[in-house]
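Each chain, letter by letter, is given below.
Number of protein chains: 4
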Amino acid sequence: MKYSFKNDYSEGAHPKILEAILQTNEVQQNGYGEDEYSMRAKKLIKEHLNAEAEVFFVSGGTQANLTFISAVLKPYQSVISAETGHIFHHETGAIEATGHKIETIATLDGKLTPALIAMHLNKVEPVHMTMPALVYISNSTELGTFYSKDELVALWEFCQQRNLWLFMDGARLASGLAAGDLTLADVAKHTDAFYIGGTKNGALLGEAIVINNVLLHQDFVYNMKMRGALLAKGRLLGLQFLVLFQNGLFFELGHHANKMAAQLSGGIKTLGYDFLTDSKTNQIFPVFPNTVIAKLREQYEFYDWLKINEEKTAVRLVTSWFTKLSVVNEFVDDLKLAGV
Amino acid sequence: MKYSFKNDYSEGAHPKILEAILQTNEVQQNGYGEDEYSMRAKKLIKEHLNAEAEVFFVSGGTQANLTFISAVLKPYQSVISAETGHIFHHETGAIEATGHKIETIATLDGKLTPALIAMHLNKVEPVHMTMPALVYISNSTELGTFYSKDELVALWEFCQQRNLWLFMDGARLASGLAAGDLTLADVAKHTDAFYIGGTKNGALLGEAIVINNVLLHQDFVYNMKMRGALLAKGRLLGLQFLVLFQNGLFFELGHHANKMAAQLSGGIKTLGYDFLTDSKTNQIFPVFPNTVIAKLREQYEFYDWLKINEEKTAVRLVTSWFTKLSVVNEFVDDLKLAGV
Amino acid sequence: MKYSFKNDYSEGAHPKILEAILQTNEVQQNGYGEDEYSMRAKKLIKEHLNAEAEVFFVSGGTQANLTFISAVLKPYQSVISAETGHIFHHETGAIEATGHKIETIATLDGKLTPALIAMHLNKVEPVHMTMPALVYISNSTELGTFYSKDELVALWEFCQQRNLWLFMDGARLASGLAAGDLTLADVAKHTDAFYIGGTKNGALLGEAIVINNVLLHQDFVYNMKMRGALLAKGRLLGLQFLVLFQNGLFFELGHHANKMAAQLSGGIKTLGYDFLTDSKTNQIFPVFPNTVIAKLREQYEFYDWLKINEEKTAVRLVTSWFTKLSVVNEFVDDLKLAGV
Amino acid sequence: MKYSFKNDYSEGAHPKILEAILQTNEVQQNGYGEDEYSMRAKKLIKEHLNAEAEVFFVSGGTQANLTFISAVLKPYQSVISAETGHIFHHETGAIEATGHKIETIATLDGKLTPALIAMHLNKVEPVHMTMPALVYISNSTELGTFYSKDELVALWEFCQQRNLWLFMDGARLASGLAAGDLTLADVAKHTDAFYIGGTKNGALLGEAIVINNVLLHQDFVYNMKMRGALLAKGRLLGLQFLVLFQNGLFFELGHHANKMAAQLSGGIKTLGYDFLTDSKTNQIFPVFPNTVIAKLREQYEFYDWLKINEEKTAVRLVTSWFTKLSVVNEFVDDLKLAGV
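Those protein sequences? They're chains B, R, G and Z, same order as listed. Numbering-wise (the numbering used here), the first sequence opens with residue 20 and increments by one. Numbering-wise (the numbering used here), the second sequence opens with residue 20 and increments by one. Numbering-wise (the numbering used here), the third sequence opens with residue 20 and increments by one. Numbering-wise (the numbering used here), the fourth sequence opens with residue 20 and increments by one.
In case anyone wonders, no lab produced these hints; they're calculated from the structure. These numbers were taken from a predicted model, which means no experiment stands behind them. Please note that a few of the clues may not be correct.
In this list, chains with the same sequence are indistinguishable; a pair is considered to hold if it fits within one copy or across any two.
Claimed, not checked - Below, a list of computed lysine-lysine pairs in the BS3-like style, where the Cα atoms sit at most 25 angstroms apart: (1) K278 x K21; (2) K168 x K299; (3) K93 x K278; (4) K25 x K142; (5) K278 x K168; (6) K142 x K331; (7) K326 x K142; (8) K343 x K35.
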């Protein structure tokens, strides 16, 4: 069986999560998120947030995005996203299916800036075009980049001035935070809402939507039920986030994933290969000759990302909370052999 | 802590499911339902189905209903449901949120019949009213009743004649099947689609949508992704159904739930109490004096269902795959004391 | 050719409207409602309204209903309507197609009251059911009844207390107002929004949506464009309402329609026939023997409304701004002959 | 008052249309498109079509686009359009509001080609991206260009091969046809559906949707009613198309608009000015110095289209069925003076 660097959701869950599931299995709990684990997990997460924020658990990222975005936009309003944004590129029209246009901005690195958004807004005509009302960013981005504190603050201030909501897709938030100087409290302070990704950071499933803006969280649970995002056994989501936010496990797993990626990058660089981007998160994009790729494919699974020229391709390698140092080192060794 | 008869999703999962999750935790698998457990589970379920049927796993019942129904209806088409149907009564407008009207029929017992539907169809005018195209039934129903084989066959033949799809909500399918003479193969043969409920029958979460009609399952997975119903770690759903369908565990758990309900009913009858309906499934509706209810509430949790008169109320008691005989007997003992 | 009493939109437009269209035909005007006729018509209508109200012209009633209702509801919110309400009964799921459930209340006469709505609200459970947020009424109703000032004020005060918007479908507003003691200013004062029907009161087409509540009209024109309700040659709508509201033509035509209906009712009563309802608007519902109906059908077109028994049927006769006294008298004469 | 070259819907309707409205005003007709004028108009239009085509009248272009496109796409399917396409650029998210993504292709001239679409299709991934199912083109385009017969046939054959519906937005079809070698019969033969624009070619309002593909027109009228696009007095639309298609008036008016544009272009060229595109339809895009534009603006209204550099701007001048030769000549004279 080949080892996969395809993504960060190839394995199950962190052992501490499984242990908690086992230990609480026979305890009766209320349904639909009214269980004690969910309540305790929310309390724990709120310690990082401002006093009025509310937390809601859902099963996955597309569900988090579509439920939140459709809840806050008026029918004629649209969301602004980088062209590479997950909601535009890889969610099968989930946002449009709720009735809203995504207006896209071309970027070099998957990140939006006040200048880029301002240029876009200049082209918007009233009435005959949708009204942009929400800015969607991902951290880390689909290209492995991340936002620094200064960058997020600048975006936030711009959005405040322009009357735009700011929403951060945190499917890979743990990795994004571990890569730079942003804290969870910073994100809470400088967005209207964001979600904390569990699926890609050690949970069986689950994302925690955090709504900081008190104008936006009222009745949000109705939207969840209506979109099929309110689990009967909500305990399963609450319990996992309870474990993840006890003793900083969530942050630790993000650090681990990045560390393994850095180790991998370092090894690849040592062998003389270039990278498409200079990533500090858990997704890296080395450029290999196609012949090398063919040899690596005998032992590993990973995605091609971009054809550079007839001979070279950038591939995507993803590490995770689970990735072991031994596997990373083995890959570098195999790469060395493949390149001979 | 009070014991809860409120529903059949108060506990976690069957131990065999937890065991399988533990054992496979470190095995890498593809995402989005392309894992080997999902594939094996589908194969196992298909042994009960016709050759062309396809199986799809989603997180919950509302999600199953909205994803399937919105996938098969044209924009101007509607779904017919009993007034008590879960999609009409308790899913926060999830179907309407996908753009479709639910046309309701009043029933005595939560069950639709060819005669009831025929009367409804007589009132439908073309063009200015929606066109009914799908009949939604639940088995067991929200009132604890279930369909016999004859009843389902009659509905199916009627729907075939009238060019209506027939869809069965199987949130409590295990209990519904255990109560009567229907088999899973019968359901597969006499519906266009149905779903097999895991959440209420021993899984942590998960429902298996079965689409028997080859005209309806093409590209269904696009709809799942679009509605946020395609889990990244689909393995979690596949694995659970794999366990549930090995050695008939799924059916066994349904039988157990019904048996516990029958034991509970028997004890209550012996004490001289009446019932709102004569249920053979895992939901029973005894009628108690309000004074008795008040005493029971000191030790148990359950829902009031219907006020009979100033002195009496029908309550709902739900047993499950997990309910223990000792608890049932204790309840009957406590009821005896409460009625003194 | 048979004479039709089927509806109030069988003929074209009032001659004054046609004259205005002819006279202004070659004048260049801005598109999309920015023409001078629309602006003058709005000003004229606003003389009846409070200072902050805004007026918007659209092509038809279903369009008015769906554009307004979908603009003010949040995704999980629903609209309350009588079971006989046009939006529920005869608009092909137009409201549901925008994502919203209609919650219905059975009535005797097509009219909602605070008591009826209060009883309905008692049954609404949070989160798992949609949240009613808007009350939809028609004046005159689909059954020919109308609201008195006291009735509307009572509804309005109830809606204010319960945090519900109140919206009046005025497809037949001219007839509704002419029948009772309500004025246009009363309607403006005691609803959040309503529309003034042109199509059924002498226009070629067109309804004027009036939004009294300043919270609701912001950006409404975006919704119009998005729903395909913003006409390029908006002048056609504006000009017609300009004519209708000059010298009270709109009100005069409503009076005429009712007067013709009263004349018709009077004649029918004189001949000894009963009525299904005691209508004072332009729709009347006499009960005739089927033999009489068969004879009338040789010369007239009209709809059967309700089968009373094997021998008798209530029919609907509709008069309009155009109906001539001579035609009414002829019908009564023919009815006399048919009954011999 | 300034003369406007802003668009082709600044005036009312062709005198023959007004005359027909006047003459038929008192004739009773059935509602909702069941009137005799609509039936006769459909018959007349069908003489240009294949035997199975069906014709449906609606009020405007956005309504035509959204009603048709939402009727034929499955929920997860998308429409392909040029980036300049009206549905993407200027309809306030009307298509997205019905739940569908628009996938855009950058073009030089607003026209799609098989090669451009093929390149786009190569980038589409299954399941995680929407499935393109319909190609939307405009003729003439938003940039004044048009499709030749060869170009349309090539597109049609490509769409047939790739299992894509082909839909033509004909808001300016009369001008598009008059510019090249395409006939209405060609359009009918080489698209699945298109619409014939009345609003911009002499009608008060109205577009005729033609559905050539028998798979697509069944029950279409339900979609019209549901979207608020079925006029009660459908006679108004039918009658206008009846007049437009008697004695070729529709085609004649398109020719006139183009002829006036050609005359205008000729005059402008004579004065030495360049054009942004070489348009043969009724929209032309001359490039003028900003100083000239400022002088012209004292007497004329028109839209700026594209800033060429600090000194020059391309403007858009639109002629119509109504434009008089004298006005064109005057403009050229005034341009001459302005350029001195």
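A quick look at each hint next to the structure:
no.: 1; hint: K278 x K21; verdict: within (22 angstroms within a copy, 47 angstroms between copies)
no.: 2; hint: K168 x K299; verdict: within (15 angstroms within a copy, 54 angstroms between copies)
no.: 3; hint: K93 x K278; verdict: neither (42 angstroms within a copy, 44 angstroms between copies)
no.: 4; hint: K25 x K142; verdict: between (38 angstroms within a copy, 19 angstroms between copies)
no.: 5; hint: K278 x K168; verdict: within (21 angstroms within a copy, 60 angstroms between copies)
no.: 6; hint: K142 x K331; verdict: between (38 angstroms within a copy, 19 angstroms between copies)
no.: 7; hint: K326 x K142; verdict: between (32 angstroms within a copy, 13 angstroms between copies)
no.: 8; hint: K343 x K35; verdict: within (17 angstroms within a copy, 29 angstroms between copies)
Consistency note: the structure conflicts with earlier hint 3 alone.
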